[in-house]
Amino acid sequence: MEVDRSDVSFIRRKVKVNKMVNNSILLKLENIKTYFFLPKGLFKTIVVKAVDNVSLEMKKGESLAIVGESGSGKTTLGRTAIKLVEPTGGKIIFDGKDITNLNDGREMKNFRRMAQIIFQDPFMSLNPYMTIREILEEPLIIHGFNDQKERNEIIIKALVDVKLQPPEEFLLKYPHMLSGGQRQRVGIARAMVLGPKFIVADEPVSMIDASSRAEILYLFKSLQEKYNLTFMYITHDIATAKYFSDYLAVMYLGKIVEYGPSREVIMNPKHPYTAALISAVPDPDPNNRFIYRKVISGEIPSAVHPPPGCRFHTRCPYKFEVCDKKEPELETLDSSHKVACHLYTKK
Amino acid sequence: MASNVLEVEKLNLAYKTLRGDLLAVNDVSFSLKPGETLGIVGESGCGKSSTAYALMKMIPSNTSIFTGKIIVDGENIMEMDDSDLRKKVRWKKISMVFQGAMNSLNPVIKVGFQVAEPLIVHDNVPKKEALEKAKELFKLVGLPQDFINRYPHELSGGMKQRVVIAMSLVLNPKILILDEPTSALDVMIQAQIMNMLKDLRKSLNLSIIFITHDIALASDLCDKIAVMYGGQIMELGTAEQVLLDPRHPYASKLIGSIPTLRSDKKLEFIPGAPPDLVNPPPGCRFSPRCPYRFELCDKEEPPIYILDGGRQIRCFLYKEKGQGE
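Note that the protein sequences, when read in sequence, are chains A and B.
Under our numbering, think of the first position of the first sequence as -7, with each following residue one higher.
Under our numbering, think of the first position of the second sequence as 648, with each following residue one higher.
Since the hints were made in silico from the structure, they are not lab data.
Only a predicted model underlies this, so the values are computations on that prediction, with no experimental measurement involved.
No residue lacks a Cβ here, since even glycine has one placed at the ideal position from N, Cα and C.
Please note that the accuracy of each hint is not assured.
What the hints assert, rightly or not - Per label pair, the in silico range of CB-to-CB distance:
#1 B/770 - A/312: 50 to 56 Å
#2 B/681 - A/164: 53 to 59 Å
#3 B/681 - A/130: 55 to 61 Å
#4 A/299 - B/735: 50 to 56 Å
Claimed, not checked - Which bits of chain A does chain B cover? Going by a derived footprint, with three or more residues having C-beta under 8 Å, they are:
#5 103 to 111
#6 206 to 218
#7 230 to 237
#8 264 to 270
#9 278 to 291
Take the sequences, apply the hints, and build the full model.
What follows is the structure, encoded as structure tokens:
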């Protein structure tokens, strides 16, 4: 692989941070819109509004869970936040710098180093022809770590960090020789080798067996504390979000409908959709079989033609006149709990 | 006490692989009463789906060992030949909703006809009558009756799953096996399907075997729960016994690892990975990961002990307290 060596010198220099901005905020998304344009026939284009006007802030060292059903736009939001997908509109501000329009240059490369992603499927996201060492070494080579000894040290440290021990034993193995949990640890180590500040984890444990899930999530927590990482945890599983994230944002059809401290949102959900989502999830309890679960009817509508007004009004049990006319804004209820619902705007 | 509609005794199923025999189902025994729901839970590769296929006697061609008794409604189907099995048992007494079946609907045939087809083919029922039956079934599974004229692509995932469940009920079986019926669906749709299954069970007095990796979901439907690990049932008891007071170390750790929304606890996990079933560990299958392991555990395989309250458990910790088989 060819490396652009002229680009390398900056890497060991500290990145200058604009001291004027609030230092504690790492990532700020302002009115992010991510649309996909699909051709239909010869002349028509379908617009899929995967993420539509989402704003949020993440402080350094904070973990935020993005919870939603399939088609809610949670994955697209995560990918937009690290510019794997270009936003159609809005601003991404990372560490005080507007990176929305960065192209492939030195600054972009620096951003790539700072923001990493962990994928859902540990079987598909590791190259089967590469050894664990090669998998972990590749990002280091791309980012100009030319000293073999230094690379070794970083790789060993990353393996120890993700508790693949003894590390030497794993270096020469291929992904197929590892269990699902171990593979996902390799994925985590790969994200960690460049010393990132921000990590997007897209359903990192949904393919892992239940008995090992908590182990991986505890690992995230310990890494987060050790390196003061900022974590965006994308999941459909609101129960793990309760245990492993400080804040929780619930998405529905491309919008954040509720945001707040995880426990607060789960114990005291405000948006009818959040409440329905929570009541749909069973806890292991033998009494469950004697009761019916409170559910809302229907399924999530298509993001091509989202319903007018509040996007949830077609399924909402509390719908009234304004709901299908005016779109509710995400408004602050108390301290940090926000909700986008007309039930709370008329106070 | 009503007699059992299904009795499984010492079921073994092994597949031939390049590395040797893979013992997917090992010494599995359980029974099912009319109207009762049994949940078979476990992690991937524990043998829960293999058990389901074995109950239908739908075993792959690389099967090397298939022994035990499967007594459906008084008849041991292990001794039955294929044509009898097809005519008398499959779909009439015991039917199954396969994992991912909703994606196997024929895209060019209306779903109503796909549901009615077994009636037309098996029982020579006229097409019109068969479609009436399909309509009835659609009502039962919560679909509008005019949906019999739709094609699969006109239905959402949840609706297709309902069609597949209707299909499994068309010949009025006594036992229904559901293999991960909701694992491809979102939680809201999952909850809708679970509510529908609760209705169905009541109105048809169905016996259900519900196979899932999600214990919390099993608690939504099941009277009895069997926890499988490495091809064996480690613990089998009523939902109350297994969920509130699990005795087998694996069952208790597994339940401890489920995050709960409505209560707080410290989440547990089990270090290590499930056993390789071609070369299982000596002694108890769980012993390499078990925190309570003692000398005997990696020497001998524990038998099933029956504890008070009728629960069966496969662990030497209960050697004194329980009675051997």
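How the hints compare with the structure:
1. Checked against the hint of 50 to 56 Å, the C-beta distance between residue 770 of chain B and residue 312 of chain A comes to roughly 52 Å, which is consistent with it.
2. One distance hint, 53 to 59 Å for the beta-carbon pair residue 681 of chain B and residue 164 of chain A, holds here, with the actual separation near 57 Å.
3. Checked against the hint of 55 to 61 Å, the C-beta distance between residue 681 of chain B and residue 130 of chain A comes to roughly 60 Å, which is consistent with it.
4. Against the hinted window of 50 to 56 Å, the Cβ-Cβ separation of residue 299 of chain A and residue 735 of chain B comes to about 51 Å, which satisfies the hint.
5. Look at the stretch 103 to 111 of chain A against chain B: 0 of its residues bring a Cβ nearer than 8 Å to a Cβ of that chain, fewer than three, so the hint is violated.
6. By the rule of at least three residues with a Cβ nearer than 8 Å to a Cβ of chain B, the coverage given for the stretch 206 to 218 of chain A holds, with 4 such residues.
7. Given as covered by chain B, the stretch 230 to 237 of chain A passes the check, having 5 residues with a CB less than 8 Å from a CB of that chain where 3 are the minimum.
8. Only residues whose beta carbon comes within less than 8 Å of a beta carbon in chain B count, and the stretch 264 to 270 of chain A has 3; three or more means the coverage holds.
9. Remark: the stretch 278 to 291 of chain A is confirmed as covered by chain B, as 9 of its residues place a Cβ nearer than 8 Å to a Cβ of that chain, reaching the required three.
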